[in-house]
Amino acid sequence: MRLLNRTAGRLSRHRRGPLAGLVVLLLGLLLTGGLYTALSPAQAETQASETEQVAEGKKLFLASCAFCHGKNGEGIATVREGYQVGPSLVGVGAAAVHFQVDTGRMPMANSAQQAPKKPVVFNDEEIAALAAYVASLGPGPAIPDEQDYSIEGLSEEEREEAIARGGQIFLTNCTACHNFNGAGGALPRGGYAPSLDGVEPVHIYEAMLTGPQQMPNFSNGNLGPEEKRDVIAYLESLKAAPEYGGFALGGLGPVSEGLFAWIVGIGGLVVAAVWIASHTTRSTRSKADAS
Amino acid sequence: MSTDARLDTSKVARTNGSTPATASKPNRAGSLANWADERLGLGTAMKKNLRKVFPDHWSFMLGEIALWSFVVLLLTGVFLTLWYNPSMGHITYEGSYDQLRGVGMSEAMASTLHLSFDVRGGLLMRQMHHWAAMIFIASMLVHLLRVYFTGAHRKPRELNWVIGCLLLLLGTLEGFTGYSLPDDLLSGTGIRAADGFLKATPVAGSYMSFFLFGGEFPGESVIPRLYIVHVLLIPGLLLGLIAAHMMLLVYHKHTQWPGPGRTEQNVVGFPMLPVYAAKAGGFFFIVFGVVAIMGGLLTINPVWKFGPYDPTKVTAGSQPDWYMGWPDGLLRIMPGWESVIFGYTISWNVMVPILIVPPLMLVILMLLPFIEGWITGDKREHHLLQRPRNAPTRTAVMVALMTFYGLAWAAGGNDIIAIKLESDINNITYFMRVAIFLGPLLAFWITRRWCISLQRHDNETLLHGYETGIIMRDPQGGYSERHAPIDGRRAYTLTARDRDHVLTAGEDTDEAGVAKPNSRTERVRAKLSAWAFGHNVQKPTAAELEAAHHHESHEAELQSGLDHPAEGRAMDDHQLRTVDEAPLRER
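Residue numbers (our numbering), protein chains in the order written: chain P, 1 to 291; chain X, 292 to 878.
Just so you know, the hints here were simulated from the structure itself, not pulled from any lab data. Since the structure is predicted, the reported quantities are computational estimates derived from the model, not experimental observations. Incorrect hints may have been included.
Subject to a maximum C-alpha distance of 20 Å in a straight line, what follows is the list of computed PhoX-like cross-link-like pairs (lysine-lysine) [as the list claims (entries may be wrong)]:
#1 K59(P) - K71(P)
#2 K544(X) - K670(X)
#3 K544(X) - K446(X)
#4 K339(X) - K544(X)
#5 K118(P) - K711(X)
#6 K117(P) - K711(X)
Partial selection, computed: residues in chain P whose CB lies under 10 Å from chain X [claimed, not checked]:
#7 E160
#8 E161
#9 R165
#10 G166
#11 T172
#12 C177
#13 G184
#14 L238
#15 G246
#16 F247
#17 G251
#18 L252
#19 V270
#20 W275
#21 A277
Example chain P residues on the side facing chain X (calculated, C-beta under 10 Å, incomplete) [claimed, not checked]:
#22 S195
#23 V199
#24 S237
#25 G258
#26 W262
#27 I266
Cβ atoms here follow ideal geometry from the backbone N, Cα and C, with glycine treated the same way.
Take these sequences, add in the hints, and give me the full structure.
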């Protein structure tokens, strides 16, 4: 107690000092700010920051995207009809931006048939800002929440059903380009359906929702949100399951199987034939015994 | 070979006669064998065949890979039939593979999944069966190449060549029917393609399709039908033809490489028992082992990922197994040509790559020995093999065919090439459309010139010896490599080949001035003969060899330092020779 008194006494000595007012003011501000951050309703925060985000997003957009997509995201056409430097982004929604930018496809390094997946250029905040800006250009699909594409909340039985259903939807709608294993496939004129190996569920969901690059758009009208979720559940279940048959050989189908049959199978057996033929009759008897 | 005389031959049969040896002292095994022989009379046949001699060379064992993988196919195939249910009846899968539980499918597919997941060792057997099938056809192909490149298809083995070609065809059909049985997505896509091929046949197409499927595709009959074809009809034919192939092999005796002591009348090698029984028997276990390792470690046809066939579904990477890859490739690069005649569509885009070219290629393959026999006019029997270089045109023809095959084959994987090499699938197609015509021609030309150069090299070796690697420097500072004569065995082997005989056409008319009946065919044949053999390099004559050896020994004499230090190329000139040696060059 004495110690406390002594300390208080020491502090109170400075109460009329020249900096006391400033310190109290700073403390008050810190407390108010801290309490506001902790207790204020979430709505108010997003409302406030969305405008900032859009403004921030617009800045980033003008620096990195406007060259192809136009200063207002209206797209830039070329002289050839139907061809564009970059398409209009009005109405593509935040989901499209999140997919393209968060997988590193945008900004493109050079004009090409297709934007390849590459290291991501922007951080999460910047991507959110860009998404907010593009979403502000016109109504479009939002970035899905985890509960949209996760089957965590379902019962064991429902999960199994979802996975089996998802597999059939996958084989009906996706494998024609992406291959039965999600290993990818070729499209005309140098295009390709990329491999689904290591792709985040959120990106698969967004790809279905927005139809990036050469991919068709699976709107909620023709593939409902639950069906999209099931497809993702099926793909995740394939990842979790062991390769029952051994090495998958790239999961490319009969071409890689043929390659292995020739290289490992025939190659190995020809080596064995050479080995057998190079060993002639052998006897344990020494030459001295024979004579 | 002085040790040969001292080898103990007391355990070896003393004659090649047909009476079996009897034990001099009665023992238990001998009396048992005698009991059996008196009732079955196998001793005589065994005596002859167990002592049958086979020559030793690795390339003679390629056909054996096919034989042994066929045995593996029979063994694993029998296992699979115990669980597989060839029915297109519709059921709901309730097995232990989660991702397909509750999905409707045919009983064929459900039993395939049952085999893969619920039968102990079932997946291993399925994968072994499939890998063995891939290896079976691949080994037939490499065996075929060996036979052709070494001239083993010549008289008297032409018919065995034809049987081999039929085995290749049947093996391919057997593979296709097997590929179709699981009724997974790939199977169904393959059957649908086959349905399209049938329907592309003018006039009879749709009738053939309805006949095969028992109505409209897919119907409910095709899988049971393909199953009987796969397990009974084709295996029966294969077994019969394999037996005929092997009996002819025994009857003709095996071919051998030329060498000292080897003639058209003998076979030099080791006897069936014990040497080849051990080698061939051991090779069976190696083939079985390789197939088992592949079946155990490498996924093949993961039907559970393809799911049941459904005409609304398809997957990227839908390819046939490798042996059907080349017609598929031709189909992929064929332009989409169609013409309409009297209101009927003729689908050239399917007919040419599937219904015309592959049967045509098979006919060409079967006719190769007969075409060659006609051009050479050679009616002799051949049991000594030829090196590929000593038949440049023949070797080049096969390399051209291989190039055609290889390009078509690669075109069949154009989508995989496009994604793995990051190239444009359309450009691959355009490239292949040109390469399929130019590639074989280029390959023919390169191979033929290459063979002729190798023939020339052989002659160099015979006449001037081999390159010793010793570089010599003469007083003028010039460098040359010292050549040394090759040994007699090698020289014998190099010269153990016939001279090519270019046919010439006779007069068009006989002595009486009447036109000869076959003069036109003869002229064609003479032209072909000149085209095929006119460029070949013939082996040196005895006189040329004699002269060269005389020169060589003289050179060696000089190099041994009698008068001068060795001076390499300088000795090719007259400067080291005395006056009486001067005519050497003119000799």
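To see whether the hints hold, each was checked on the structure:
no.	hint	in the structure
1	K59(P) - K71(P)	holds, 10 Å
2	K544(X) - K670(X)	holds, 18 Å
3	K544(X) - K446(X)	holds, 13 Å
4	K339(X) - K544(X)	holds, 13 Å
5	K118(P) - K711(X)	holds, 17 Å
6	K117(P) - K711(X)	holds, 15 Å
7	E160	holds, 6 Å
8	E161	holds, 7 Å
9	R165	holds, 8 Å
10	G166	holds, 9 Å
11	T172	holds, 5 Å
12	C177	holds, 6 Å
13	G184	holds, 6 Å
14	L238	holds, 7 Å
15	G246	holds, 4 Å
16	F247	holds, 5 Å
17	G251	holds, 8 Å
18	L252	holds, 5 Å
19	V270	holds, 7 Å
20	W275	holds, 8 Å
21	A277	holds, 4 Å
22	S195	holds, 9 Å
23	V199	violated, 16 Å
24	S237	holds, 6 Å
25	G258	holds, 3 Å
26	W262	holds, 6 Å
27	I266	holds, 5 Å
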